[in-house]
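Colleague: Protein sequence lines correspond, in order, to chains Z and X.
Counting in the working numbering, the first sequence tops out at residue 700, every number present.
Counting in the working numbering, the second sequence tops out at residue 294, every number present.
FYI, nobody ran anything at the bench for these hints, they're computed from the structure.
Possibly wrong hints are sitting among the right ones.
[What the hints assert, rightly or not] Simulated crosslink set (DSS-like; lysine-lysine; CA at most 25 Å straight-line): (1) Z/104 <-> X/15; (2) X/15 <-> Z/283; (3) X/123 <-> Z/104; (4) X/236 <-> X/266; (5) X/129 <-> Z/104.
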Amino acid sequence: MRTNPGKATPLRWLLRRYVFLAVAVFLIAFAVFPMQGMIRILGIREGFGNPLEPVAASTAAYCTRELTLNFVYSPLNLEMLCGLFGAMGFACAMVLFRHQFSRKQALMYAGLPMTRTRSFALRSAVYGICGLLPLTVCLAIHPLMVQANGLGRFFDLRAYALRGVSTLLISLYGYAVGALCSMVFGTFWSAALGGVLIVGSVEIALGCWINIAGWYLNTLYVNGAVRDMLRFSPAWSLYKSFYQPADFRGWPGILMILVLGALTWVMCRRVRPENAGHTLNLKRAEPAVTAWTAVLGGTAGAIVLSLYLSLEPVAYLGLILGTLLVWILVRMLLDQRVRLNLKDWRIPAAAAAVMLLACFALRGDWLGFDRYTARPEELRAVEVWPDMTEKNALRFDTPESLKASLEWVDRMREEELESHRETPYENGRYADCVVAFQKKDGSRVLRRYHYPREKEGLLPALRIMAKAWGRQQSEEVPLLERAGSYSATGDFGMTGAEFTETYGFNPDSSRLLRLDPAKLREALRQDLRERTLESMQQPVVLWAHMEGAGLEGDPDSYEYVSYGIRPGDRHTLELILGEEAEKWTDFVLGGFARNEEVLVFLCRYTQREDGEEKLESYERLETEEEIRTWMARVIRCDESFFAWPKDPEKRLAVYSIPSLRNQTAYNDVEIDLEDPAVRERLPEKQDLWGTYYDIMSSDL
Amino acid sequence: MLKTTGVEKSFGGRKVLREISLELEEGHIFGLLGTNGAGKSTLLRMISGILRADSGEIILDGQRVYENPAAKEKICYLSDDPTFLHAATIREMGAFQRAWYPSHDPARLEELCDRFNLPMDEKVSGFSKGTQKRVQVCLALARRPEVLLCDETFDGLDPVMREAFRRTVSEETWDRNMTTVLAGHNQQEMEDICDQVGFLHEGRLLTVGDMDTVVSGIFRVQFAAGEPVPEEEIRKLHPLKALRQGRLCVLTIRGNQEEVLAQIRKMEPEFCEVLPLSLEEVFILEMEEQGYAN
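Model the full assembly from the supplied sequences, consistent with the hints where possible.
Modeller: Now the structure itself:
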């Protein structure tokens, strides 16, 4: 007679029953990791021949990137992969806990001689074996295949392992959400909807409410606020860690997994099996679910109706209608019948009232958000983001610069509040910038200011004070150190010929090419760091363009940087021009005036109604001193144009007679350049080649 | 010994069991009779550890049952609606039981299936409801539980099978000193095999005791006196029911039969006889006394 064998245990039985999950997960994961990896391995073998032969550093870097991280991108993108792994975990949980969706099954399992905690632990163990293990195996197969194909030296195991960990965490997060939903919701569809609600609703609601707040709060930097909030989103943090494995930031995700696990454990002990099969297993959760879905509905209603008609009352109407509609839908879903159960009317009413109250609070700026002023003693630094991105932040952290920047911020805030209330914004007349108040406690307060461009002149002083410009550019210099190939050219302007004529020295662009790149970089870095407000106000005397390809081994990469070299950048100038640097600077800043063949005019323009400029008057600058005075106020590069406001009425026109002779001869233009009267009226000839310089506004 | 003390249970604010106190000895079959919705299934589920009591205790051999695997291993609850794993055969259900219950005996299962003509390797979901009930009982008996809780288990079986199973369950109870509880509405069946009985109505356990005591606790006496018996004399007997047709009186009385007969004899009846009541009649009388379906 067969006796009861001791090997039959609940875990073994569960594993045998759910082995199909392991097979399914393995097949899906196999199609992603080993299969996609194999395609890349074959491609690399085909493209680079014998893997044992030495390859260029750039090729090695390319292969490493392809084999380690990029291989899973195609044909799926990262978002789809995250969704896939999360959904796999979620589906595993739904299958493992599906007895919760049937009252009969729930009662049968509740009768088994096992504590609920052990039941939960056993099923989680089964998920670990049938859900995570096949995924881990597939993750492990890829590096083995790489090694077997002799490409091991191109494999970055650490980066791959980190992405693997993120993959497992995403699946685990899906499982945790699925397990909780299976406990709280008693039917398959309500659990699936609940999962979506748990994963996405908080992010969506936050995003929507930040946008709604943006309608009311003038100084709210919506993008920054969304980004700041997303950092704390579990799903987003895991996605980011998957996307950039080396920069792991999935702690909110891990925390959420633990919280969900603990909640599921509590729920599995508290949920009554006799309630299984109901839309909501846990009756006590019903008001919370109803209230939250009503809030989501109201939020969506307000946003959707506002898209059609951006009027405030319409948004309020949308908010109320959305709340009502979703409440009715949720009630029908929970009751499983078309019946308007009015007994819980207080919940949607309270949700709508809270949201309306929030709108009024935002409208009236009850929390003083727009009037926020940082106290200098609590600040470590102030950052100004002129182009609204953190990348080009100007940082003020010395006592003087902090004080100056706070004064500037005060003025901008006043402008902001004033302009927003008095007049509508006009494109072009206003500029946006973000101010980040970095506090000593490590927190950061972001505010967006919308200020008139005519006040922009205040910004350059701040820029220089922060030395951020030079620092920012000096940070670009190392990009070239990573370049596989490197070239540099110089732009000496049209006055080069006159300079040669004057000094017998030709500052051609090949001078830069002959330089040692390392020395040039060092000279540039030194000059950029030492720039001052005064030196930055001087005009550019020389353009240095540098381009690098094959950065960090990537043959497709390309970097291009241009530096306007000013008289104060003496290291660079001396390196490029040697002893002639001083002469060249002198020449560019007005020395060319000594050449009788160079004529300089100060032109005055007026703005016509159609936007066109009209030459109003002009005068010839005769003396060298006069020319030097105006040349000192010339804006000669884009970066300066961005920083220094130009005088819209004045412009400097410089004509070189030899160049004009060439032009007239080449284009067959009839003009007597030898006639002194003609020479005095050159600005009137609009089609002549000249060099036109914008003049810096005196409003600095 | 299975003992419940002051057990109470509510569903959504509605109390379905109140102060249930019960002691069930090994080797006995306890019949739990109750009206519809009286709480029979709920009580059995609580005894089997599926549901948690809101208050009170359920103890098996000195151990609490709820969330106690050691105690739950000894108990087998047969639901009125048999539940099996999705697409499982009897053999697979046996494997399922074997994983959780060390006492499960696969050979015993095969023997029972053979005896009751049940194919081991066919999907249970394809069987008729009656056959599924047979499978359920076979699986339960193969587990060799110490406590067997049957919730309307024999309903739906044909008379032959019902008799066969009743016999098998009785034998198991006596042979293995098992505690068996049969809940349902079939009083005749219970009267036949139960040695203890309890009446459950609206969550309250009204009557509990040995079958003989319960059945004999209420009796019907019929007598005829020379003269019509005065109403006051009849009232002194505290009848549950009284029927008078001329000189003939038929009284249904709860109490000590000898004492009642002695009182009647004082009325010098021309004849007097005691008519035995069936369990069903006793149950109906009890329910009528509670005002049920009046």
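Colleague: A separate judgement is required for each hint: does it hold in the structure or not?
Modeller: Do the hints match the structure? See the list:
1. In summary, the hint linking residue 104 of chain Z to residue 15 of chain X is supported, as the alpha carbons are separated by about 22 Å, within the 25 Å threshold.
2. Simply put, residue 15 of chain X and residue 283 of chain Z have alpha-carbon atoms about 17 Å apart, close enough for the 25 Å limit, and the pair holds.
3. Taking the CA atoms of residue 123 of chain X and residue 104 of chain Z, the gap is near 18 Å; set against the 25 Å cutoff, the hint holds.
4. Using a Cα cut-off of 25 Å, the hinted pair residue 236 of chain X and residue 266 of chain X holds, with the two alpha carbons roughly 12 Å apart.
5. Restraint check: the Cα-Cα separation between residue 129 of chain X and residue 104 of chain Z comes to about 15 Å, which is no more than 25 Å; the hinted pair holds.
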